[in-house]
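Q: Letter by letter, the chains look like this.
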Amino acid sequence: MIAVQDLTKYYGQNPAISRLSFEVAKGEIVGFLGPNGAGKTTTLKILAGFLPPTSGKAYINGHDCVTESLAVRRSLGYLPETAPLYTELTVSQFLRFTARAKGVDSKDEQTEVDRVIEACLLREVRNKLISSLSKGFRQRVGLAQALVHKSPLLILDEPTIGLDPAQIVEIRQLIKDLSGDYTVILSTHILPEVSQLCQRVIIINRGQIVASDTPENLSRQLGHGSRLKIEIKGPIPEITAALKGISGVKEVVSQGEARFLVETTSDLELRPEIARQVVARGWDLLELQVQEFTLEEVFLNLVTEEEA
Amino acid sequence: MSGVLAVLRKELTVYFATPIFYLMGFFFLLVEGFLFFFIYFNYFQTASFQVAQNPQFASMLDPFQVVFRSFFEDLGFIFLLITPILTMRLLAEEKRAGTAELLFTYPLPDWAVILGKFLAAFVVFVTLLILTVVYPLIFAFLTRMDWGQVASGYVGVFLLGGACLALGLFASSLTANQIIAAISAFALLLLFWLIGAQQEVGSAVGSFLGVISLREHLPNLAKGVVDTKDLIFYLCFTFFFLFLTKRQLESRRWRA
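As given, the protein sequences belong to chains F and Y, one line each in that order. Residue numbers are given in this note's numbering: position 264 of the first sequence equals residue 259, and the series is strictly consecutive. Residue numbers are given in this note's numbering: position 195 of the second sequence equals residue 1434, and the series is strictly consecutive.
Don't take each hint at face value.
[Unchecked claim] Only pairs whose alpha carbons sit at most 20 Å apart, straight line, appear in this in silico EDC-like list of lysine to aspartate or glutamate:
| no. | chain 1 | residue 1 | chain 2 | residue 2 |
| --- | --- | --- | --- | --- |
| 1 | Y | LYS1485 | Y | GLU1332 |
| 2 | F | LYS52 | Y | GLU1489 |
| 3 | Y | LYS1334 | Y | ASP1349 |
| 4 | Y | LYS1334 | F | GLU83 |
| 5 | F | LYS145 | F | ASP103 |
| 6 | F | LYS239 | F | GLU282 |
| 7 | Y | LYS1334 | F | GLU76 |
| 8 | F | LYS224 | F | ASP208 |
| 9 | F | LYS245 | F | GLU268 |
| 10 | Y | LYS1462 | Y | ASP1385 |
| 11 | F | LYS224 | F | GLU211 |
| 12 | Y | LYS1485 | F | GLU63 |
[To be verified] Example chain F residues on the side facing chain Y (calculated, C-beta under 7 Å, incomplete):
| no. | residue |
| --- | --- |
| 13 | GLY44 |
| 14 | PHE45 |
| 15 | ALA96 |
| 16 | LYS97 |
[Claimed, not checked] Stretch by stretch, here's where chain F covers chain Y in the computed footprint (C-beta under 8 Å, at least three residues):
| no. | segment |
| --- | --- |
| 17 | 1325 to 1338 |
| 18 | 1346 to 1358 |
| 19 | 1381 to 1392 |
Worth flagging that the hints you see were computed from the coordinates, not collected in a lab. Keep in mind it's a predicted model, so treat the numbers as computed, not measured. For glycine and all other residues, C-beta sits at the position ideal for the given N, C-alpha and C.
Only chain F is shown next, with the shape it has when bound in the complex (with noise of 0.2 Å):
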């Protein structure tokens, strides 16, 4: 669905994007993690087709997205950072023409509409101006001019940006539901929101990729080996003593009471050993869990990484 190639952009002398290349399948959500500037915007952008890149090529449907660009603009919803709108308009005033100018047929225009405003839960204001909208309103306006006439590839940067608790897991669950009809490219900060929704992540850092995975994969590639959380009744010391001695065994962490955290050096099962260990020794096992690396760990340790 999307093929992206060598894809540099230079903002004067400083690269936005460098060099990237990534695929996207149809189907697939795709959520495009990286720090404030890490070019993320940029790369949507040039997806889009509203920004050329300063060379490289990206691909939709087989459609270059500079010299063929009207075609690659029909397979679209893009819903830009920070949603601009045509705040002079009401929500279905300005709805309806996104259905005109994405080519919605003159007679299926209203039920298009309606069809978005449901989508997006803008039932009770779609007659009031947009200027008068608070953010989460406009947010979710901005995201149903995308869904207009069920474009087979969607492009949202930032969708779940200002909205409140509730609203944002409405519109995460109205994304998830979008998978498998839709492809589905979206740009965040907020890592839940990732692991969440996306079957994969391409994690991007000052211009280049990092890491390009599933969410599940990243966590325990990145983390180097698995960590395990215990919980053993007995005495510490001892216990920590033990617990280092197994072989695979990299470090052990007491967390107080009777909680410890065992980092182990790689995918070694040590689960059965541990038991076998804390039973022979008569102390008694109350909880013994893999914990996988958060993806704010993996994130933050890519990120410090790249900078170390």
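Position chain Y against the provided structure of chain F, taking the given hints into account.
A: Coordinates of chain Y only, in the frame set by chain F:
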């Protein structure tokens, strides 16, 4: 074509939803009304009176022609002042508000955007122009009308307005600031209006400047002489600036 209509309808909604049109319409009619009743009407009365007193004047002076010639020439000049205000918002505001990012990622060809916006401004301009038809209608009660001259004058102002709007749209495409768009459009229009004064110098350059002046092509039409030269000039002028606007919008795609 549906793209042109989409943009046209949106722009018209904005024009008629914002106060600028009504404010401008009010002051426009105020100025026109003043000119009409205190200048043209007075002049017509005085001139008619003199013609009636000295019948030999009648062969030299046609009060109706003189009045309507100034009516259309002044109308042209007033529109020269007004059109930059009509067009300043069209593209500059899209850039400032960031909605350009929406507009240019919708599957609309550039020409559809330009034509839609141009036609919207044109519809507003024609609405103002049509309001002035009351003045010839009032005259129709007073005297025998030369409807041919009136029609020719309206064609002239109509085409001149189109030319001014095209230039204004181009100015609006150059900047994200409406004020700069209005000022530069106004300055350019004034330049194209006054440029013909060079003609009196008599040189080749002078006559060329006369040919490309917006002003030099109006008097003929205003007094009822329809010359294709004048019509084609205004159409070319309009087309040229719409073309420049298109080029300006396209440059966004290759100015990497």
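Q: Take the hints in turn and mark each one as holding or not.
A: Right, here's what the structure says about each hint:
1. LYS1485(Y) with GLU1332(Y): Since the Cα atoms of LYS1485(Y) and GLU1332(Y) sit roughly 17 Å apart, the hinted pair holds (cutoff 20 Å).
2. LYS52(F) with GLU1489(Y): Distance ~19 Å between LYS52(F) and GLU1489(Y) Cα, so the pair holds.
3. LYS1334(Y) with ASP1349(Y): At roughly 15 Å apart (the allowed maximum being 20 Å), ASP1349(Y) and LYS1334(Y) satisfy the hint.
4. LYS1334(Y) with GLU83(F): Given that 20 Å is the threshold and the Cα spacing comes to 15 Å, the pair holds.
5. LYS145(F) with ASP103(F): OK: LYS145(F) and ASP103(F) at ~12 Å, within 20 Å.
6. LYS239(F) with GLU282(F): 18 Å, holds
7. LYS1334(Y) with GLU76(F): Roughly 14 Å between the alpha carbons, so the hint for LYS1334(Y) and GLU76(F) holds.
8. LYS224(F) with ASP208(F): The given pair, whose Cα atoms are some 25 Å apart, is violated under the 20 Å limit.
9. LYS245(F) with GLU268(F): Given that 20 Å is the threshold and the Cα spacing comes to 15 Å, the pair holds.
10. LYS1462(Y) with ASP1385(Y): 10 Å, holds
11. LYS224(F) with GLU211(F): OK: LYS224(F) and GLU211(F) at ~18 Å, within 20 Å.
12. LYS1485(Y) with GLU63(F): 17 Å, holds
13. GLY44: 6 Å, holds
14. PHE45: 5 Å, holds
15. ALA96: 4 Å, holds
16. LYS97: 6 Å, holds
17. 1325 to 1338: holds (count 3)
18. 1346 to 1358: holds (count 3)
19. 1381 to 1392: n = 0 at 8 Å, threshold three: violated.
In this structure, the earlier hints numbered 8 and 19 are contradicted, and the remaining ones agree with it.
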